[in-house]
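K.L.:
Dock chains B and C against chain A, hints included.
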Amino acid sequence: MSALEVNELVVEYERRGRSPVQAVVDATLSVAPGEIVGLVGESGCGKSTLARAAVGLIAPSAGSVVFEGHELAPLGRRARSRHDVRLQMVFQNPYASLNPRRRVGRQIADSLAILGQANRAERSRRVAELLEQVGLSAGAASRFPHEFSGGQRQRIAIARALAADPSVLVLDEPLSSLDASAQAQIANLLVRLARELGLGLLLISHDLGIVRQVADRVCVMYLGEIVESAPTDALWAHPIHPYTEALIRAIPHADGAGFMPEALPGEVPDPARPPQGCRFHPRCPLAFDRCSVEHPPLEEVAAGRLAACWLSGERAAQAAVD
Amino acid sequence: MTLLAVEDLHVSVPTGDGRLDLVDSVSYAVGEGRVFGIAGESGSGKTVSVLALMGLLPRGASVTGEARFAGDDLIAMRPSRLRKICGREIGLVFQDPMTSFHPMLSVGRQLTEHVRYHYGTSAQDARARAVALLDEVRIPDPEAALDRYPHEFSGGMRQRIAIASALVCEPRLLIADEPTTALDVTVQAGILRLLDRLRRDRALSVILITHDLGVMSAVADDLTVFYGGRIVEDGPAPEVLQAPRHPYTRALLDALPHPELERGSVLRGIPGPAAQPGHWPTGCVFHPRCDHAIEACRTEEPPTIVDGARRFACPVDPFRR
Amino acid sequence: MTTAPTPTPVVAPPVAQRRRRRGPEVLRRPLALIGLAIGLAWFVIAIAAPLIAPYDPLAQEFELFQPPSRDHLFGTDELGRDVFSRVIYGSRLSIPLALLLVALATLLGGVLGALAGYFRSWVDPVVMRCTDLVFAFPAIILAMVVTASLGPNIRNAVLAIVIVAWPAYARVVRGLVLSLGDSEFVQSSRLLGSSSRRALVRDILPNVAGPVVVLATLDLANAILLLAGLSFLGLGAQPPDPEWGSMVAVGTQYFQYWWMGTFPGLAIFSAVIAFNFLGDSLRDWLDPRGASRDRGRGAQTP
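Chains as they are written, first to last, in this note's numbering: chain A, 1 to 322; chain B, 1001 to 1321; chain C, 2001 to 2302.
Treat the hints as calculated values from the structure; they're not laboratory data.
For each residue, glycine too, the CB sits at the ideal point set by N, CA and C.
There could be a bad hint or two in this list.
To be verified - Now the in silico label distances, taken between C-beta atoms and shown as ranges:
1) A:PRO33 x B:ASP1196: 45 to 53 Å
2) C:PRO2125 x A:ALA62: 54 to 62 Å
3) B:GLN1124 x A:GLU267: 43 to 51 Å
As the list claims (entries may be wrong) - Simulated coverage check for chain A against chain B, where a stretch passes if three residues somewhere in it have a Cβ under 8 Å from a Cβ of chain B:
4) 258-265
5) 284-290
Pulled out of the complex, with its shape left as it was, chain A reads as follows (with noise of 0.2 Å):
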């Protein structure tokens, strides 16, 4: 049984005086226990709109998000339920998501005394406990916020985050305000957590380099739907759906060997006023007819496999031969 699941989701913004955008459409996926799952795409592709849906923090428009078992309830003015709080969220930027006037093993402690931990004593020995398992020092706990670099911050976030003793985090670009070595060593931490603890992680980052070296499973997103789900290596070595060849061919390579990288014509349409039929097509070197007028849906093309492309039949058999 999956952890997380989100069933096509919809997530629309009123425009005054305009008509609504969908920045999220009928999107899908799952996070099972202890599996890594990466949210790719570029800006404006509604990943962090998604994200944030999927944790509560945004009610949908239409579409459910499954927590255990449970059809979870969006943010109101209640405190959220203990089943609930189970799914935890780590945001981009570590400056803001620290409260800069408290100590950080209060922050911490938060969780704890919310949940019910009375007992100050117990309160103090579990912050230390989270705080050495993200690879901090318990002395960390009676400093403030400013007094961490970037990666540390992001530490303690999920630190805090875990305090809540979670099933399920998902991380909203946890890696981009963070230099090249900070990087390295919080993916290495999320890694670790996901196997040790069996956490399920939905990681949500622009930079494919990174899902690729952390993510089990990776999926594709293009102006508002997931058009391409897949576990990671098969979707590296056999991108199916056009755009993720696209994304692919796109990355660097610092290796020296002059790789330039390639680009992909026009641009981005306007959330808006999406194409007709498939949404990728006007810049899709593979575009034919039918997808100036169909709308390709999500499905299963080959073994866990899923892409939303018309010539998915053909490319999937090609890389089964490859």
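P.N.:
Frame of chain A, contents of chains B and C only:
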């Protein structure tokens, strides 16, 4: 042929506590028609070292050394002359395409203003030149684009327009500071290809400042690595990336995920915080984080070792073939 | 770096740059020190008035209209009272009243603003229209109207000024709460299970306190001025209270006896300046500490 030769550059700024050194003893040479890459993380001094040459540092900053651009020393120059040179011979492109432009002036106005100021070109000629440039950077429908405003364009388009704007006076050197960092990877690919094409078509020299070694690998001919306000390694880009000689360069490369690494294996980060101005370690700036440091690294500043076209500041030289 | 064909170690003195630990910057600014000094001085004077003032401020025993002399440092007024003693005792009115006034305005405005910003729905428009209503009138006019209709005395003057002052706080607090409410650390707090109310109290309000304190300190100066103004117009303190504003009012009627109005006027001036300096320094202290620390860090390895 060397277009820009920087010799022993020092930059410091005043602070409440006295002076803060940002760049220490930096020397490099940018060849004509070559893409010169300056790599490093934040706080390494890479951007400051270039801004210092342009006279773009805040008042009170102290810049010493020599920077010979086509024979003239930029550092010793009168500010009025430096401004003229910067306007005409050197083009600048920054990271954030949104803030490079005046939001209330049309693109055409911003492109033509520059060339009319420096060369007194007529409005008609300036406009024609602007259209040609927009076409060169592949902006669709350049005539119409001239009358539109910066916010009407996407990030990638704006960066292309920024590049066009930097080229309007036909400079010999283009300086690009993290030009693609804020862009999506497919858009970045487009900008990198554009830079490469422009460089070839116009025999333009480019100084490309970025922390992204993948970008360096794609376009840079020469690569200089900054750490702690000084250069730790430089040489031809393919060689530096394939066979780094300085431990910092090696460690940077190791921290990056790359296709050969087995998925799920551990990425190698560099322990400890990056050296920041005001907190540079004694001896070799990198020694506290270096796997190969010896006793001397703590007390003595490393000498520069020259090996053919390569230079690096590490006496231990652990990766020597 | 020296260029050498073979590696020869260069022995150079270690370059160690360390920045000194520094105390709160507020203590290094001359303006803040002046403000603090004057403020403290008035505070002490107010408390120790009976000890400092040579005479009873209400005693009408002396010769009228005496210029400043050794016996009467600030001279005497139209009823034969010692101006110096009156100025001293005046601090017991102006300063504590100003503090009380600002505290009340901050409390009222702050609570209303926080509720408006956090719960929005109908609370927000209602509170905002009330602030709009108050802002529609020039402060002194509104204060005059309120005092005049309630009856001119110092208590009503304070009430009037509170009514005039609270909207500014409501606006500021509402704005801060609105922006903080969407911030990621509040969202994290909610995700971790805190209720709206808990998030408001624990996470938002402590971050709101800073700017509000600055506003309040600067407002102290305004409060003193407004109070003096109302008294000047006869709507605040009534005779024989030694309130600075009313003393200045009387002084304008007796221009030739310049000491009667000048010294109370200087007292107002010094108190206002003190609070302005303090408020400005507080604001500078609170601002760059948060901003430049974060900017200095940048992206670092853990």
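K.L.:
Check each numbered hint against the structure and report the violated ones by number, ascending.
P.N.:
Of the numbered hints, 2, 3 and 5 do not hold.
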